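Chemist: Chains A and B, in that order, give the protein sequences.
Sequential numbering from 1 applies to the first sequence in my numbering.
Sequential numbering from 1 applies to the second sequence in my numbering.
Heads up, a few of these hints could be off.
Pairs count within a copy or across copies, as identical chains cannot be separated in the list.
Here are the computed lysine-lysine pairs in the DSS-like style, where the Cα-Cα straight-line distance is at most 30 Å [stated by the list, open to error]: (1) Lys336 - Lys73; (2) Lys58 - Lys336; (3) Lys73 - Lys58; (4) Lys336 - Lys26; (5) Lys26 - Lys141; (6) Lys336 - Lys54; (7) Lys73 - Lys141; (8) Lys54 - Lys141; (9) Lys141 - Lys58; (10) Lys26 - Lys58; (11) Lys73 - Lys26; (12) Lys73 - Lys54.
Note that these hints are calculated values from the structure, not bench results.
None of these values were measured; they are calculated from a predicted model.
Protein chains: 2
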Amino acid sequence: MDDRAPRAATGRAKRGARVTIHDVAKASSVSVTTASQALSGQGRMALATRERVKAAAKALSFRPNAIARALLKQRSFTIGLLTNDTYGRFTLPVMAGISEALVDRGVSVFLCSVERDPVIGQSHVDAMLEKQVDGIIASGKRLDSRLPVDLSGVDVPVVYAYCEGPEGSVGFVSDDGQGARLAVAHLVDRGCRRIAHVTGPEDFAVVHRRAEGFAAALAAAGLAPVRAEPLIGDWSEAWGFAAAGALLEGPAAPPDAVFCGNDQIARGLIDALTLRGLRVPQDVAVIGFDNWEIFAAATRPPLTTVDMNLKDLGRHAGLTLLDLVEGRPVSPGIRKLPCRLVVRASSG
Amino acid sequence: MDDRAPRAATGRAKRGARVTIHDVAKASSVSVTTASQALSGQGRMALATRERVKAAAKALSFRPNAIARALLKQRSFTIGLLTNDTYGRFTLPVMAGISEALVDRGVSVFLCSVERDPVIGQSHVDAMLEKQVDGIIASGKRLDSRLPVDLSGVDVPVVYAYCEGPEGSVGFVSDDGQGARLAVAHLVDRGCRRIAHVTGPEDFAVVHRRAEGFAAALAAAGLAPVRAEPLIGDWSEAWGFAAAGALLEGPAAPPDAVFCGNDQIARGLIDALTLRGLRVPQDVAVIGFDNWEIFAAATRPPLTTVDMNLKDLGRHAGLTLLDLVEGRPVSPGIRKLPCRLVVRASSG
DNA sequence: CTGAAAGCGCTTACAG
DNA sequence: CTGAAAGCGCTTACAG
């Protein structure tokens with residue numbers, strides 16, 4: 001026949017004409033209205049008509065264009081995920097949880113890693129907004145750090161996940177105090193009475209949350225801490241190793257249990273205890289924090305540790321953002337999500 | 001005045017009318033054609049007009065709707081990133097590299113983690129396709145594993161990154177053989193002559209690539225391996241620890257260097273050597289593979305190791321997908337990208 | 001029960 | 001140098 005009707009000047013897609021709902025309508029001899037309604041289950045029409053349209057769509061392998069729908073409905077079914085952590089271990093499960101929760105509701109996730117530079121960060125946010133994301137999740141690698149972007153003027157809902165947000169925002173964090181209490185209560189249950197706490201640098205908020213939980217649980221059990229203050233160091237194995245010396249020397253009675261601020265410290269501590277001929281958990285029980293499998297499961301003996309349920313946290317954040325996007329009421333504030341204790345051999 | 005003209009039945013966005021190019025045109029008293037061209041730098045018009053339009057856009061904080069542009073241009077400036085690894089360490093830098101390379105070209109990345117289930121995986125791919133992604137990157141946690149999705153019928157370009165693809169596809173992997181040669185050549189340079197290889201399970205392709213590189217580099221230096229075969233175990237510290245025993249016992253002369261299949265094995269091996277009173281690197285030099293900072297930097301002494309440049313690999317994959325999307329020629333095949341040696345104290 | 005038409009927000013060939 | 005109009009692919013109120 002003759003040339004096809006004039007098309008947009010941009011030309012056809014490289015891989016041959018794509019099939020649209022017009023093609024489906026034509027193939028099943030109905031209007032596009034009917035075709036659209038048949039496929040979406042809307043409207044009323046003869047069952048036979050609906051089936052005929054569906055069959056035609058299948059035969060043509062029709063794939064509805066979500067971009068066209070988004071333009072019309074003013075809703076992209078897309079959200080933006082901002083993270084400032086590309087190597088770390090915390091954002092990854094959070095991201096997986098978000099992605100899982102949303103993908104199942106037909107929402108796709110734009111991943112965007114914002115580094116230190118606020119100018120670049122802002123341009124990434126702008127790009128998301130131009131792409132009409134329905135909402136944004138800001139996630140970080142530290143509970144107490146902010147992303148280097150200003151989300152206050154943004155006209156879509158924002159949820160913070162494992163990341164500090166501004167006053168009045170909606171956010172989710174792990175309840176590190178509760179996690180610490182869980183750990184200490186478990187040690188007390190096992191009969192431990194002289195429990196020490198070895199942890200990371202004081203400029204981390206989690207160090208304080210965990211120390212508070214530690215102190216509260218001891219008090220609840222009517223015990224005094226084996227040291228007035230937690231032993232502060234860094235997050236490394238080397239520090240855990242060194243801390244063993246500080247704990248065992250001096251006039252005070254040695255501890256019969258140590259609650260560590262993270263798994264690496266616990267690992268170093270266990271190594272040092274073992275080297276000194278002490279048995280874990282018989283002489284000293286040890287609990288870590290993070291449940292970083294690569295450490296917790298490789299430690300001899302395997303490490304009892306607090307898991308922050310980060311994937312769950314991500315799932316909550318995703319679902320809550322969806323509530324906000326779809327206009328369901330959500331009260332502002334930071335929600336603390338409970339941790340769980342993963343019991344392995346190091347605590348008996 | 002009177003009510004605003006009838007709008008689409010879906011109603012306005014919740015947060016007040018969004019500003020469109022019509023608003024900008026009206027505010028600067030030009031047609032939408034001129035407004036569009038003024039903002040995009042196209043067309044020819046009085047400089048003053050262009051400036052006036054730009055000023056109006058800025059004053060109204062006009063944000064062009066990328067969805068509308070995508071519908072018109074048949075190009076979404078969006079790609080899909082499939083990964084089957086949500087906790088591991090390899091995909092993360094690959095993803096960061098992809099994301100970085102593309103975000104800088106105005107392309108956003110849909111993150112989608114596909115677990116084992118092929119049905120779910122396929123539905124995620126369908127969702128991406130409905131959202132009109134310009135292309136797809138499949139990335140995995142193992143060089144020799146495939147994603148549980150069939151990408152062969154997909155009508156957009158696909159690139160594989162640290163992941164096995166089908167015959168004739170475009171992919172990027174690390175050159176583990178070259179990485180191993182780098183490590184051994186370095187040891188030879190340092191004067192080592194009896195070099196052993198301790199590595200992971202045989203069903204990993206990388207185990208063979210690294211062992212081949214090891215053998216080739218020894219041969220090139222005119223050296224015989226201290227053992228006929230590499231010592232095969234798993235990827236754990238425990239195995240590295242145990243391997244030290246196997247290496248030092250028996251009639252053969254002990255090695256003066258060990259090239260390990262990963263950093264965890266190296267870590268365990270160093271621990272065992274140290275425990276036996278051997279000095280690293282003076283008595284035995286040790287090199288790892290992966291450059292997993294948390295292990296490599298924490299080892300005593302810090303570990304010399306092979307870095308696979310995964311972020312770079314991701315960047316290449318992203319840029320190549322863009323080439324494909326934009327119609328530039330790309331020859332099919334798997335490209336091996338070089339590793340680099342990160343020298344620390346464990347090799348002298 | 002079914003169809004023609006408007007419109008989401010943009011870009012671009014074409015006419016003036 | 002500038003503007004009116006068509007069209008990307010879809011959904012939906014409205015008319016028949």
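Chemist: Does each hint hold? Answer for all of them.
Modeler: Okay, the hints, checked on the actual structure:
Taking the closest pair of Cα atoms, lysine 336 and lysine 73 never come within 30 Å of each other, the shortest separation being 35 Å inside a single copy and 45 Å across copies. When the C-alpha separation of lysine 58 and lysine 336 is checked against a cutoff of 30 Å, the pair qualifies neither within a copy, at 47 Å, nor between copies, at 40 Å. Taking the shortest alpha-carbon separations for lysine 73 and lysine 58, both the intra-copy value of 24 Å and the inter-copy value of 26 Å come in at or below 30 Å. Proximity of lysine 336 to lysine 26 under the C-alpha cut-off of 30 Å is found in neither arrangement, the shortest distances being 55 Å within a copy and 49 Å between copies.
Taking CA atoms no more than 30 Å apart as the test, lysine 26 paired with lysine 141 passes in neither setting, with 53 Å inside one copy and 45 Å between copies. Taking CA atoms no more than 30 Å apart as the test, lysine 336 paired with lysine 54 passes in neither setting, with 47 Å inside one copy and 46 Å between copies. For a Cα distance limit of 30 Å, the shortest separation of lysine 73 from lysine 141 qualifies neither inside one copy, at 35 Å, nor across copies, at 38 Å. With identical chains, the CA atoms of lysine 54 and lysine 141 are never at most 30 Å apart, being 47 Å at best within one copy and 39 Å at best between copies.
Taking CA atoms no more than 30 Å apart as the test, lysine 141 paired with lysine 58 passes in neither setting, with 45 Å inside one copy and 34 Å between copies. In this assembly of identical chains, lysine 26 and lysine 58 lie within 30 Å of each other by CA distance solely inside one copy; the values are 14 Å within and 45 Å between copies. For the identical chains of this complex, lysine 73 and lysine 26 are neighbours both inside a copy (24 Å) and across copies (24 Å), given an alpha-carbon limit of 30 Å. Proximity of lysine 73 to lysine 54 under the C-alpha cut-off of 30 Å is found in both arrangements, the shortest distances being 23 Å within a copy and 28 Å between copies.
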